[in-house]
Structures are given as C-alpha cells and as structure tokens.
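Starting from the known structure of chain X, arrange chain U on it as the hints suggest.
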Amino acid sequence: MFDYHALAPELIIGIALLATIVADLVLPDRLKYLVGVTALLGLVAAAVPLLTLAFCGDISGCTDTGTRTLFGGSYVVDDFALVLKGLFIVSGVLSLLLSVGYLESDDYYQGEFYFLLLASVTGALIMASSRDLLTMFVGLELVSAPAFLLAGWRKGDLRSNEASLKFFLTGVLSVAVMLMGMSLVYGLTGQLTFEGIASAASVSGVGDSPAFVLGVVFILVGFAFKVSAVPFHFWAPDTYQGAPTPVAAYLSVGSKAAGVVGLLALCYQAFSTVPEIWGPLLWVLAVASMTVGNLIALRQTNIVRLLGYSSIAQGGFILVPFAMAASYDTVGLSDAFFASVTYVLIYAFMNLGAFAVVIAVAAKTESGEIEDWGGLNRYAPGLAALLGLFFFSLAGIPPLAGWFAKFVMFRAVIGVFESPWAVALAVIAAVNAVIALVYYAKVVKTVYMDAVPVTVPVDRATQTPVPRPLALAIGVTAAMVVIVGFFPQVLGLFGEISERLVAGP
Amino acid sequence: MEMFDDGWGLSLIVFLPLAGAGLILLLPKAQEGLIKLVGLAFALLSFAASVVAILRFDFGAAEQFQFGTDLSWISAIGSRYHIGIDGISLPLLVLSTLMTVLAIVYSLNHWPEPHNPKAFLVLLLLLATGMNGTFVALDLVLFFIFFELVLLPMYFMIGIWGDRAKIRLPGFRREVETRLYASIKFFLFTLFGSAFMLLGFLALYFKSDPHTFDMVALAEAGQMGLFDGTFGAWVFAALFIGFAVKVPMWPLHTWLPDAHTAAPTVGSVLLAAILLKLGSYGFIRISLPILPQQAQDWAPIIAVLAVIAIIYGALACLAQTDLKRLIAFSSVGHMGFVMLGISTLTDVGINAAVIGMVAHGIITGMLFFLAGSMQHRYHTRDMARLGGNMKTLPIIGGLMAFTAMASLGLPGLAGFWGEFMALLASFNPLDGLSLVVFRTAMVVGAVGTVLTAGYMLWMLQKVNLGEPSEEWAGKDLHDADKFELAAWVPLVLGIVAIGVYPKIVFGATNDAVTELVRRAFGG
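Line order of the protein sequences matches chains X and U.
Letter 377 of the first sequence, counting from 1, is numbered 377 in this note's numbering, and no numbers are missing.
Letter 377 of the second sequence, counting from 1, is numbered 377 in this note's numbering, and no numbers are missing.
Just chain X, with the same shape it has in the complex:
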C-alpha cells in the first residue's frame, strides 16, 4: 500500500490551498478574513502528521518507523526532511501572521495571496524530501513561481513591479543555468537520484571530467542566486524593498532556507564524493557574501534594504561551514551540516521576528527610513525593546539566540584548524561579525538614543495598535530567540540527526 502517512503534510497543504481559493470565491466580503484563517488552519493541520511521523515509534498503531522512501528513492522522509519541513511550516505560519494585518490595511487585498503563499510552502516541503535532480527542480520552481507573483503584489506601485520583474528575470536565468548543469551531470553519470550520482561520480573519469565539474558549478550557481550569495545577490535588496514587507520576510527566510536545503542535499549527498569541486567555490561565495553584504549594509538608510543586505551577509555565514568540506572527516562533516542547519533555524526565527517588528514600527511611524524611527522608545517602548532584541540577536550578541548560530558556524570551521584556509575563513567571518554589529547597533541607537523627529506623527503613532496576528508572531519569535539563547540544547536534537544523515549515504 502506498504510504500516505509520509506524504500527509504535503497533501493537507494541497487541500488547504484549494480550499482558500474556493473560500475566497464563495465568502461574502465581511467574512473574507476566513480565507486567511483557512490558510492558517491548513498549515497548522499539516504540522500534525509531521509530528506523528517524527514520533512514530512512540505512537501505538504507527508502523514503519524510521526513514520512509517513496517513488523509488526520489522522495525520502527522514529526520532531516522532517526538521526542515517543520521549519518551513513554522515560517509559513509566521509569514501568514505577518501578512494578515498588512493585507487588510492595504488596498490590494485578494484571497489569492494565501493560495500563492501556501503553494510556495508546499514547494519548500517537497524540496526538503527530494532526493533526485528532477524532484528537486520541481520543488524549487514551486517555491519560486508563486513568489514572483507575491513580490509584485502591490500592482499600482512601480517599486513592487520592479521588484517582481527583477526577481522573475534573475529567477528564470538562474533556473536556466541550473538546468544546464543538471543535464550535464545527468548526461555524464546517467543518474538522477543523488545516491546514484554520488556513486557514479566516484568512478575516475567521471567525477573529475571537466564537463562534470562544469555541471556541478552551474547547479551551484543556480542555487547561489536563490540564496542571494554575492555576486548573484543584486536582485535581493531591490526585491525586498519593493515587495510587500511580509513577502520580503518570507523571501528572506522561507525562500532562502529552501535554497540552503537544496545546497545541503546536493553537496552532502549527490556530490558528497567530490567535495573538492564545491568546497572552494562555496568558500569564495561565503567570503564574498559576508563581506560585500556587510559593507553595503553599512550605508543603507532604509530599514528593509538594510535587512536585505543583512540577509545577504547572513547567507554568507550559512555557507561558511560548507567551505572546508574537502578537508573534513566524517565527524567534521556532520559538524558542518549541523552548523548550517542550526544557523538556518535560528536565522529563520530572528529574521522573521525582525521583519515583524519592522512591519509594526513602520505602521506606527509611517516610514521605512531609519532616521524617522528616532526616539521610538519614548512612544513605543515595547516595540523598541523587541527591535533591540532581534537586531542584537542577528548581530550574534549573547545571550540571544544568534550567538549560538555564530558559535556553531565558527566551530565547524575551526575544527580543521590545521588548514590555513579554514583559519583565514574564520578570521574573515570574525571580522565580519564585528562589522555587522555596526549597522545593527546603528538602528538600535536611532531607536533608543536619538530624538524623535518632528515629522513623525507621535500622537497617531501611539494610537496605532499592533494587529493581533502580528503581535503573536513577534511573541513567538521573541520567545524562541530568548529560550534558544539561554538554553541552546533545545536545538541539540539536530546534532544527532546530522550525525545519522552524514553517516548514511
């Protein structure tokens, strides 16, 4: 019998996204809010089978524990996939919470928004499980295509149009490059599944042939666009600024995480036998992303652009553990894998939290320019404190969760301290962590230490309430940032998972 249990999360979201369309069609205007509720319930319902799959062994009547393989090895539900699916569902829920109030206060309300967001989340879930090139490609397209539309949601706004078009063109370009690479790899190895590619590439004459190297590089470049690694980053700040802010939040977390998941699966499984090809490439990408992202972020005056460049730099930190893979032993590889996954998880919470606060504050000050936020703590002390919390967490200051992300990142690199490349990378990352503090602290400084600009409508601002869904999103992310900061062991579970995963293939 086909294992529907393994596929249940995707199926539930699939049903939910159809339900949102129908609901939007039949519901009268005053009940339109139910469309958002439907989407939210769909996502939450999808988390239930995720939990039963994860704890299958503890549930009576649940058989077939452990890794589930579907479609002849193309689709695998293992611990790694479950963790990331959980992350995607949570970031989908948080993005929805961010959107609800924003959409209703906007002239561009349409029920399709929820449909598209759910479709994109489904794509991300598929990516987490895909173990062959085609499935991964389909998943990636399902993540990106709805996102093109979401970025252009504010149709009357030229910036939003620009955002969408830029995103679309670079997206298509990157996919074309990636497909070219995939066809080269397939042509040389005759394999689509990651396992097949890994064993075929270890045969001499295949893995070291120039065409295969080119294929790997093309695929990675395609993903580099997705995770907006420098020099393939230029679309990101414009798209983030032009898109509705909740969509920017989703792009910087959900969409980026999907790209990272693709890279993880490809590097550690499909190309696990040829780390000498992708290691150096990712070393360069990581260094360039951290440095360029940080340096340009220093000059930003718009908060969303600042977060855009900061997310490029954070992407660089996520890539750091990949870079030395060629010199790792098995333990080192599982440390590196653990570091990237942990970084993505913590980054997702703190970045979504930062965006949520930015949305709330921008609604109050009616401006996204940082200097207009001066003296925010005088009239919105709670939001100011939360802003400080998330921004210092992004900077990696203990005891907020960001320190642990940075810590495991450094740990993955210093593990091979014999290599001068690793030490150089660690030093560059350390200097970048300090540079990053400058612009994160600049925002906090403005909020806490500057005077309130005369242009800010303080009276109106104090009366603007924070929408409840947004407040909920902020509360959840803030709690995570503090709890993980003090007791990172809650993420330790993923350490065991990564050990099993790297030991597997």
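Do not take every clue at face value.
Stated by the list, open to error - In silico lysine-lysine, DSSO-like type, Cα no more than 27 Å apart, as pairs:
(1) U/K118 - U/K482
(2) X/K32 - X/K155
(3) U/K118 - X/K442
(4) U/K166 - X/K442
(5) U/K185 - X/K442
Keep in mind the hints are simulated off the structure, nothing from the lab.
Positioned in the frame of chain X, the structure of chain U alone reads:
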C-alpha cells in the same frame, strides 16, 4: 548549607540579579520606589550569598575549586555548566557583588538623565549577572557568554544615560554626542577582541583529546605540553587580543577614556571596578594555566606593553583638563601594573596582580563616584573651574584627597601593595625570562610610580586647593548626602583595611597563585 556548597550558592550569586531584573520588568514603570527596593534587595541578596561564600570557603584548600558543580548544558557542542571558585576568583567575585550593591545605593539618589530607574536597574542587574558569572565560570563557552553578557547593558548605559556634550571627530563634518560615539566604540572594540577570543577557545577545544571546553581539563592538557608550538602561539595571540582589549592594554586602550568619560557615574564605577578586571582575570585563569609555554614566550612583550601603558597613562593624565578623563587614563596606568605583575609569571607577581585588581577596583571606583558627585553639583568636569573644592565641599574634597593618595600608592593604603609587589616581582621574574627586559621594566615602572604621584597631586592641587571660583558663590552646593556616604564608607574602610592588612586578599589568593605557578611553570 549542603546545597550551597553543591553549586547552588554560586548559582544564586550569579542569577539572583538576573531574577531581580526579570521581576523589575514585570513592575509598572510608575512604581519607582518599589522598583528601587526590588533592585537593591536582589543585589543585597547576591552580596549576602557571596559573604556566605567567604564564611564557608575553605581557606586551607584555596587552590581547589569550591562550591562547584558540573552539569550538562549544551551537550550538542560539548559545553557544560561547570562553575566553581578558588582563592583567585573569590576576592574578585566579592568585589563584584559589593560594587553592584554600592552602585545601586548611590543611584537611589542620583538618577542620570533621562531618569527611567526601571530600565537603568534592569541593565545594572543584568550587568551584575555577567560580571559575577565570568568569575565563577570554569567552562570556556560559559565564560564567553558571561564575558559578552556585560556588553549590552553597558552599551545602553553609556548610550542612553551618558554625556550629551558634542564632540567633533577627526574626519567627520558633523558633530556627534559623546555618549553615542563612546558607546559604539566600546562595543566594537570589545566585540572585536572577543570574536578572536572565541576562535582561540574553539581551537583549544578541537586540539584537546577528548574534546572539551573545561578549563580545568584544558589546563592539565596544556601543562602536559599539548598546546605547544605554532598552534599555541596562534591561540595565545587570539586570546591575547580578546583579553588585552578588555584590560585594556596599550595600544588597544583607546576605547577606555571615551567610555569612562561618557558613561554615567555608576557606569564608570562598574566599568573601572569590575569590567576591566574581566580581561586581567582571563589572563590569569585561562591564558597562563592552559598555555604556559606560550605565556613564557609572550611575557617580555606583555611586560613591555605594560610599562608603556604605565608611562603613557601617566603622561596622558598630565595632559587632561577633564577630571573623569584623567581618572580614566590613570586606569590605563594602574592596569599596566597589574599586567606587569602577571607578566613576571611568579607567585609574587600574580598575587600583586590580584591585589592590584581589587585595590584598583575600590580606589578607582571611589574616584569615579567622587567625580560623578562633583559633576552632579558643579555641572562641569573641567578641573580649571573646580578649584577650591575643599572649601566648597569639604567632605567630598577630603575623600578625594584620601582616595587620590590611595591611588598613587601611598604605603598603608590599598594601592600600595599592587604597585610595590609588581615592581618587586619584575626584579626577579620566572627563571628563563629575560632579566634585562624585566629589570628595565622595573626601573621604568618605578619612574611611572613617581609620575603617578605627580599627576595625582597635580589633580588634587587643581581641583581641591586654591580659592573657589566666583561662579559658585551663592550657589547652594550641598556636601555629601547620606546615600553617597552609604556607598562610600565601605570603600574607604576597604582601602584602609587592605592597606594595613593585605592578608585579607592574600589569605585567599596566595595558595591558589602558588599552586597555579607551580603547576604551570614549575616555579
């Protein structure tokens, strides 16, 4: 009391302030009286727990870590909640809890603008947790967390409650407020240092076998020679950057005068009294025992930098017009003596360093209290305008004279022992260290003590003596009030007590230091 010895005692000392901060956050902002009461109560409880720790401390076994516990914390990265104190950390821990109490007592009546006691006390208590925690941590990751925990509160203290005077920075057209410049400079310098320190910690972790962050286990491994060679040199350099910024050692000291000058009074006091000690404590607790061989290679360099700091600090003091800035530069010099003591790698030198740290903590803390109170009354720190303070404010002026005498190292007061013994130790450093370098350092350091006396007396002459300026005539300048006296009397008593009977500190430190030197350097 069983529980107290099993780690609960130290955990209480560290986390009571944090609990207080959490409680204050829940109170409404308008309830200022209650907020102050809660803040003071939790600081006092933490101090009381540290007094219990003194009473229960087994001074016969001061070289062993006591009241310790070792619990699982982040097993994913092999880091544990391992805490404990020995004779070296005990005086510093007590100093830290005491200064927190005094800072709050002093604050009760002196709120820097923009007021807001709730936020200020939350930050202060958070700071206390970071400071206390650093002195009890025996796990490198735990140490790192506490070491970094002090950054955020101090950043906000300087940035929000700091000096609003405008300065023009070289290379910038616009003027900035001192507090904004000083706060971010402090933050960036320290973070820069600690980023490298963290890399060093990680390298130690991966080199050790089995991998561990435990300081005790790492020290044993280091003393077996595991970290010798190029590896050790790099790690020592990384740790050196982290600790030297915090001390601060010349030439990494430039954040200090700005931060001290801009910080509100209580911030300056805690910065000088405790935060600087985190760096020198790091050298004694981590660098020396874990990397003994590298410490011997680096010792002459540290000694040279230390005496440069002594001379440089003294000369810089003579060029100041701002009272707080002068005291800040005097800290550079005094920490130079502490580092000189450490660099000799002898029991005399390290004992000198610890007593120097304690003495500098209470003396310079006191000086910053006094300078803050004077600024509170005169609304200026310009020494030229403060002349004749002795006549306008006799009590504060008298205390100033007393504390300045202690600071310049007058025998019989606390400041004497650290300087004297550091010089003594550098006459006779650890076998194998260059006698030429250290004896030259001793001579230059001795010249430094003369210069120190010079600028302190010069400061007293400008501030205390002479006739009061016309501008203060008819102004109602009240002398020290009861909150100020409550905060200062314990410090004055401490200065005299340690000066007359230094065994208060040595009684705890000596065995621990001797054992440390014997294990690490065989001396």
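Those earlier numbered hints the structure runs against, lowest number first: none
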